[in-house]
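Chain by chain, the residues:
Protein chains: 2
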Amino acid sequence: MGFSSQQIRSTITSGGQLELSLATVDISDPGADEVVVRIEASPINPSDLGLLFGPADMKTASASGSSDEPVINAEIPPKLLGLIAGRADQSLPVGNEGAGVVVAAGDSEAAQALLGKIVSVIGGAMYSQFRLMKTGQCLLLPEGTTPADGASWFVNPLTALGMVETMRLEGHSALVHTAAASNLGQMLNKLCIQDGIDLVNIVRRPEHADLLRGMGAKHVVDSSAETFEDDLTAALSVTGATIAFDATGGGKLASQILMCMEAAQNANAKEYSRDGSTTHKQVYIYGGLERSPTVLNRNFGMAWGLGGWLLMQFLEKIGAEDVQKLRSRVAAEIKTTFASHYTKEVSLAEALQLDEIAVYGKQATGQKYLINPNKAS
Amino acid sequence: MGFSSQQIRSTITSGGQLELSLATVDISDPGADEVVVRIEASPINPSDLGLLFGPADMKTASASGSSDEPVINAEIPPKLLGLIAGRADQSLPVGNEGAGVVVAAGDSEAAQALLGKIVSVIGGAMYSQFRLMKTGQCLLLPEGTTPADGASWFVNPLTALGMVETMRLEGHSALVHTAAASNLGQMLNKLCIQDGIDLVNIVRRPEHADLLRGMGAKHVVDSSAETFEDDLTAALSVTGATIAFDATGGGKLASQILMCMEAAQNANAKEYSRDGSTTHKQVYIYGGLERSPTVLNRNFGMAWGLGGWLLMQFLEKIGAEDVQKLRSRVAAEIKTTFASHYTKEVSLAEALQLDEIAVYGKQATGQKYLINPNKAS
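Protein sequences, first through last, are from chains G and X.
Numbering follows numbering that gives the first Met the number 0, in which position 25 of the first sequence is assigned residue number 24; successive positions increment by one, without gaps.
Numbering follows numbering that gives the first Met the number 0, in which position 373 of the second sequence is assigned residue number 372; successive positions increment by one, without gaps.
Okay, chain G solo, but in the shape it has when bound:
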């Protein structure tokens, strides 16, 4: 038998054309330790947009095809063509994570135990109607959990947990987060309150500060305020935070955070050191909301580090056993600490409409789309 499955594809030609479209693939019957999952919910995360759009200028996007089989085209700016060499002319499926119902299972006990159950899955190509998965890639959700509840089970929850674990592993006792009103930021805020960890939330607008304070956040500073650097230094003095996770990447924010950390450390220093505080100050860039170059003024002594932080590399570093502990915690708290909220549910074809792309493509705070590949149209 087998299943026929529609899925979203992204292709960038070596000539610099992005094409988004739907393709149909056949799903083979599950092997002994495999199951077929009917995907009913898969979020559009910022990390999915990188694969979906590449470096295309979405202001040039145009639509063709039909409403059932839409096609989107857009241009890659010529100077960014170097970035796509590795994926040129390949039709790539998209979608990091999702959740759905197991509709077919192999002969193994583990596979049979999942039949008819709702599971969360990870492994790419989740913007598909059906996915063949190893049982080890499935997380069985507690009774009473819907696919929409379990769709965002991996990227944001494990990133939030990974930030807190990184803080601990590297010897810090409090942390800073930027773009803190994002879905991930709200989740990190809940997690830190739950675990009694001091978190300094940096937001870009007064209304985002209000939103987080309404959710119980104690330390919120607004980078659009004139008093930003003083406010941040004060929050860093109180919390002693010396590690930050920055979703924006570009501009002066990382430099400002390091400078304010240094000022907060020096405020309590007993004697002059011309090389600054010896306390290590660390900023990890984990996103690229701001594409401009990162500019560091280096007015923060010599004990500092800046680097990229990637969830998958972090999970590889801590190892399978510790990852399993984090996954189990996510399953147990999927409707509380790690709950996500969506502004809209769309079908595969609806996700490839220009007006929808204009909304979710902006990664605006508070906007989070859910794709249901099996949504009745």
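By construction, these hints were calculated from the structure, which means they are not laboratory data.
Fair warning: there could be bad hints in the mix.
Note that the list lumps identical chains together, so a pair holds whenever it fits in one copy or between two copies.
Straight-line distance between alpha carbons at most 35 Å, and here's what the computed DSBU-like set of lysine-lysine pairs gives [stated by the list, open to error]:
| # | residue 1 | residue 2 |
| --- | --- | --- |
| 1 | K217 | K78 |
| 2 | K361 | K334 |
| 3 | K251 | K361 |
| 4 | K78 | K251 |
Let chain G serve as the given structure and place chain X on it in line with the hints.
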């Protein structure tokens, strides 16, 4: 009895005036485990200039006093006054390291054993005629070594060794160095040849490339060449270097190094990864020859780090036993691998002449001054 010792002092007033002058201090008699060293050679390192000049604009420098008791004044730019809060209005002695003859010793066996011997010393205030030191701060030099041979025994040799050790400790197998024609750079080049380690030397002028090649350097790239990025990528492909030590700090050099490391890694990659290579690429900034902001284009994937690197923090990290091993190696190879060459020897008073400051203050490659506080005038 005791000794009377002239020394160089640097004061920055809270109003923003730098004053360099000579002061005379009395040296007390040595305790049981102490010796008095008559300093005969102390280098002017880039790391000394930070304490000597602070953030003063030396283009505003003026001279007064007499030729025996010179005084230099210069202005701190008002916007940099925040940097000197910790040292304001304090008269600070200068000079990290040096060498000389033990002219008085305490009663202990260790102290008596050093009497009349030539020793290298570390501990600040080396631009002084005499220094009271603990025996543990003295490194006995092999027979036939002069104070001038042993003057630069700590900062540059241990920095070069520290870079190679850091490379090993962090799992890299080859390294990159910028401003590579400096005294330190030449030393690192000799050390790497000696130890069979691949070193990519980045210089800023064609004649510096020639200089290093003449000293046996295999990989030299010139950042002033139009083909710099291609040349660097090629050298990084051959050597596999994924760690760099940057003396300049400002501008785009760190970003270019990370980009070329990533390109060299991806050249051998088998499949596309939208997050780039998973090999960690690291740049450490250990100097500030270029004061402008550090600008990162972040076109080098996510597995990267940038940070400050400070010799003293590195030595603290590896611990006393390993430091002792490095010190012993320096003593054994002080006239070969770790030999320094000086362009001029000056007295304390001569070091405070405007025309000399104009030369050594520039930190120009190939210029290295030696102060002999007991030079006959």
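Hints, one by one, checked against the model:
{"no.": "1", "hint": "K217 with K78", "verdict": "between (44 Å within a copy, 33 Å between copies)"}
{"no.": "2", "hint": "K361 with K334", "verdict": "within (27 Å within a copy, 63 Å between copies)"}
{"no.": "3", "hint": "K251 with K361", "verdict": "both (21 Å within a copy, 29 Å between copies)"}
{"no.": "4", "hint": "K78 with K251", "verdict": "both (24 Å within a copy, 18 Å between copies)"}
The structure fails none of the hints (numbered hints given earlier).
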